[in-house]
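Chain order of the listed sequences is A, B and C.
Note that numbering that gives the first Met the number 0 numbers the first sequence so that position 13 is 12, with each residue one more than the last.
Note that numbering that gives the first Met the number 0 numbers the second sequence so that position 77 is 76, with each residue one more than the last.
Note that numbering that gives the first Met the number 0 numbers the third sequence so that position 318 is 317, with each residue one more than the last.
By construction, these hints were calculated from the structure, which means they are not laboratory data.
There could be a bad hint or two in this list.
[Stated by the list, open to error] Quick look at which bits of chain B chain C covers, simulated, 3 or more residues with Cβ under 8 Å:
(1) 103-114
(2) 190-202
[As the list claims (entries may be wrong)] Ranges between beta-carbon positions, derived for each pair:
(3) C/Val25 - A/Arg84: 52 to 60 Å
(4) C/Leu16 - A/Asp116: 16 to 24 Å
(5) C/Ala273 - A/Val222: 12 to 20 Å
(6) C/Val102 - B/His68: 24 to 32 Å
Positions of the beta carbon are idealized from the N, C-alpha and C atoms, including for glycine.
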Amino acid sequence: MTAILQQIVNGLSLGSIYALIALGYTMVYGIIKLINFAHGDIYMVGAYVAFFAVTLLSMNLGVALLLAMLAAALTGVLIERIAYRPLRNAPRIAALITAIGVSFILENGGILVLKPDPRAFPDPIRWRQIRLMGGSLVLSTQDLFIVGVTVAMMLLLVYFVQRTRTGRAMRAVAYDMQAAALMGVDVNRTIAVTFAVGSALAAVAGVLVGLYYNRIDPLMGLVPGLKAFIAAVLGGIGSIPGAMLGGYLLGVIEALVGGTQFSLFRDAVSFALLILILLVRPAGLLGRNVREKV
Amino acid sequence: MALLKTVDLGVAFGGLKALSGLDLELEAGELVGLIGPNGAGKTTVFNLLTGEFAPSQGEILFDGRRLGHLKPHQVNRLGIARTFQNIRLFRGLTVVENVEVALHARMAPGFLATLFRLPAWYEREAAVEARALELLELMGLRPYARQLARNLPYGLQRRLEIARALASRPKLLLLDEPAAGMNPQESRALMELIRAIRERFQLTILLIEHDMSVVMGVCERIVVLDHGVEIARGTPEEIRRNPRVIEAYLGEEASADAS
Amino acid sequence: MVRRYLRAGNLAVCALLVATFLAGQVAIASGWLNPYYQVQLFSMGINVILAVSLNLINGFTGQFSLGHAGFMAVGAYTAAVATTRWGLPFAAAVLLAAAASAVMGLLVGVPTLRLRGDYLAIATLGFGEILRSILYNVDYVGGATGLLGIPRLTTWPWLFALTVVTVLAVKNLVNSTRGLALKAVRDDEIAAEDAGVDTTRTKVLAFVLGAVFAGIGGALYAHYFFVIQPTTFSFLKSFEILVYVVLGGLGSITGSVVSATALTLLSAALQQLAALRMVLYGLVLVLLMIFRTGGLFGTWELSFEAIGQAWAWLFHRRPPAGDRAPLTAAASSPGSATLPDLPEVTRDGAPQDR
Ligand SMILES: Nc1ncnc2c1ncn2[C@@H]1O[C@H](COP(=O)(O)OP(=O)(O)OP(=O)(O)O)[C@@H](O)[C@H]1O
Ligand SMILES: [Mg+2]
């Protein structure tokens, strides 16, 4: 029993990472119906920016995090402007292919520029272990920190989307781009903001994962990117609470599978979950279904 | 016995009852009009008949068989073909190929014969092409046979849809606003054509059309829908004078004028 | 009857094939083509098979699969197990590989082909990864180390014959009434159903056939490169095959053949710089989608008719014939978009846009 509880606790940190990346996926998909394959690589960009900020510029972690968010946001906006905007009215598959191309460029550009070898991410904070239930359940302050930052980010995001003008514009564009444009919403700007916000969140995930695993490499975005996408679909793509739910659910499921003798099938389980949800409930847990009109 | 009979047919989308309680009967060889204001549920009737939607109530009997649970391609093979209100051609295919697609189900050569170009393939392909060209000839599209369908002018695209529908040898042809977007002259020519193909192929036709002069001129009977329910049926003369129909349409014209 | 097959075009193609085959045979046997270039030649053939078979699914049928490496893996592993573990002859191994991939195609296709566009893409990618994860964990096929010491049974005649069979079979299919059903599904699934095309069956058929050829490609791969590992068949391999298809043109066999060949050479030239190659691939994808969605060739196909027309145009200033001979591929201008439109975007032929 406590073993299972322990796995769930372990899953929360990973789930936070997935959730933060999934938020960007879900926002971008919600607004321009694009699986932004490059999103996982933006998370890598964020991690590296923070890495260099701390190691080369000896910034403190908080400032480095802000810098990473800024850099990732810029990267996201730039990618949207150059690669996706020209394709806004093209078939969606064209945009998907472009996204795959962008992710090739970021990953392998990263290998060329940053060297393929992993680097040790500096961790200036001294984390402590908290023992609960007579020592059988171990919790690290790091886990608490990661979950705390993630939840704070999500609350900020919800506030932003629900309460600010730009947030309302985002929802309007996601609902009906043409109508929003007619109502005077600046569609291009709104989409750019969406990319900026999603990318900044990915950068947060990048920094957190750096702290968590203490290592980063140019291909670090590949698998978590896919997993986060699964999380977004699981929760219901286009839905912000859905992305959170999906992220945590996937993180916990992976941790639970990891604790059994089938641990090597962890990735297979995640992908099987993806296919299952696509087939049984393509709108995800919290999403709504749309049907084609004849 | 009627060729087509629907009993208490209806469908709902979420809370919206797009169609309910429709009892429709078509005798073989009839040309019946289906009219009603925008959103009345006309296209929905077609989507139910062709198997695009599964009915949420009632049933459909066609040529002695129950439809309703069949997929569109199965319905098509039983003898119902349609055209679409928003033209749906195979845009990347040529005009003649568009028709050949509809011949595929009945006439295509076998799979292995196709992969390895066995002698049977050559014979069948030639037959398919000849048949397709024949249909194009009939619809006045022969000169455009090798053009891409998406490059055809709008009026001809509508004709091509009819040619494609005819290629599957339907007993019942469903035409969804075939004259939409045509000038009066074009639509009159189209109606002549529809009459002619009905004779030639001994078709039963259900026609949705907004242009009243067209409907009144060509249909023997008319069924009127409004808000998903039938509000009238009868000869063009009866319909023209029916107060409920006038009311339904006046409501619409008032809103159409406003927009 | 026989004369039908003895048309000038067919004879010329046969002559060309025989000449190519003999040239390859002589070049290899005499040692004129050194081992390094032999590897490139064999990679070309295998990549052509993979590209053409993926084009059948993605280009001609409009079903966006990202799981092609998975089918290749099924073929590679099946064939390798057949020869190394069961001692079967290569021919039997290839047949088994094809059959196993077909089954896999069916298993993946039947449930997922209900999905459309990007969802199908991600589901097929998922299936590929599940398969890889299983290979990783099954000791019988070597787990993470994979299968080693596979005999080199892929000879030039095998490679040549299977490449030609793949290309011709796909070409024959897409240039026929049955092929029209595939393209109809690509252009408008709803209209295709209503025109009597069993779209589910058609899609599954294209998927299974594509899987079969990918499996054959995998069998050839395993028996040329001695070693297969789960990592060889990751989704990055699927992406690579996708690059061939997109660059050549979704819906152009000629394009797939040319781009698979050219990119194999390019990657040989950049062997020391794998990352640079992938950056270039990325740029290719992005630039193509923005400036030339149809790829290099659009839906254009090389054929004797096309050559004849080009000839007439060049030397006699005659415009290409309007009413081409029956049964030639419909060649639209290269560069025209052939990407499948997704259904959520309502397609309208409303009068105002003409
Ligand atoms: N797939 C669907 N999902 C949800 N609602 C639908 C669907 N198809 C039709 N409807 C709704 O059903 C009602 C009837 O639509 P239908 O297309 O049958 O009208 P119509 O009589 O053909 O109108 P028009 O003259 O504009 O073509 C409309 O309110 C429409 O919005
Ligand atoms: Mg309608």
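These are the hints, each one checked on the structure:
1. 103-114: Our answer is that it holds, as 9 residues pass the Cβ test (under 8 Å) against chain C, meeting three.
2. 190-202: violated (count 0)
3. C/Val25 - A/Arg84: 52 to 60 Å: holds (53 Å)
4. C/Leu16 - A/Asp116: 16 to 24 Å: violated (48 Å)
5. C/Ala273 - A/Val222: 12 to 20 Å: holds (19 Å)
6. C/Val102 - B/His68: 24 to 32 Å: holds (29 Å)
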